[in-house]
Amino acid sequence: MLNKRLAVALTVSGLLAGATACGAPAQTAPASATPSASAATAAAAGWELDPAAGAQRIKAAGLDILTAEGTAEHYHAHVDVLVDGKAVTVPAEIGFSFGADGQPNGISALHTHDTSGVIHIEAPTAGLKYTLGQVLSEWGVLDGKDATGAPHGGTGGWTAYVNGAKQTAPVSDVVLKAHDEVVLSYGAAPSPVPSSYNFPAGL
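Residues 1 to 203 in this note's numbering are what the sequence shown spells out, letter by letter.
Any given hint could be a false lead.
[To be verified] With a straight-line Cα cutoff of 30 Å, these simulated DSS-like cross-link-like pairs (lysine-lysine) come out:
1. 59 <-> 177
2. 86 <-> 145
3. 86 <-> 166
4. 145 <-> 166
5. 177 <-> 145
6. 129 <-> 145
7. 59 <-> 129
8. 177 <-> 86
9. 177 <-> 166
These aren't lab readings, by the way, just hints derived from the structure by calculation.
Using the sequences and the accompanying hints, generate a full structural model.
Structure representation (structure tokens):
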């Protein structure tokens with residue numbers, strides 16, 4: 001029993017320090033489900049992340065809940081979300097599951113650590129593809145379940161750009177690749193469209 005408790009404690013501490021494996025400063029998952037000031041701003045606009053439903057959203061994205069970040073595949077992409085040219089904050093802890101105590105107890109291969117828009121792909125299996133649609137599923141937005149209407153009601157009216165190039169495929173099908181700059185835009189197109197992102201050293 002003691003060994004099992006120790007293993008759980010080590011796993012949770014590993015999740016909390018997960019960003020260290022990326023060569024970035026360690027990021028701490030929230031100690032509770034209470035939103036930060038930036039999350040509250042996002043919530044007012046309807047873009048909040050609900051920690052309590054993290055596990056269900058990971059599964060809805062077709063991903064597994066892991067006990068630690070994978071090491072077989074490791075790269076990063078960046079996502080900007082714009083509504084009429086105005087930035088929407090991409091929340092921290094997309095792709096995390098949380099226990100009743102508000103502490104992280106699992107993570108998917110596709111996740112965020114902070115609000116920079118950097119998407120971490122750290123998978124236990126090499127060669128799998130990860131999509132913008134999976135990020136949106138884990139975030140819980142643009143899934144057609146929001147009755148408030150556009151732009152929250154679904155992916156209709158949204159356009160995706162990858163490294164400045166407009167995509168013709170549905171936005172959910174955009175595949176994330178290493179160091180891609182992905183722009184998800186609704187309404188007035190940004191001018192110019194961001195075509196690159198200055199990733200921090202080590203990412």
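**Report entry** Those earlier numbered hints the structure runs against, lowest number first
**Finding:** none
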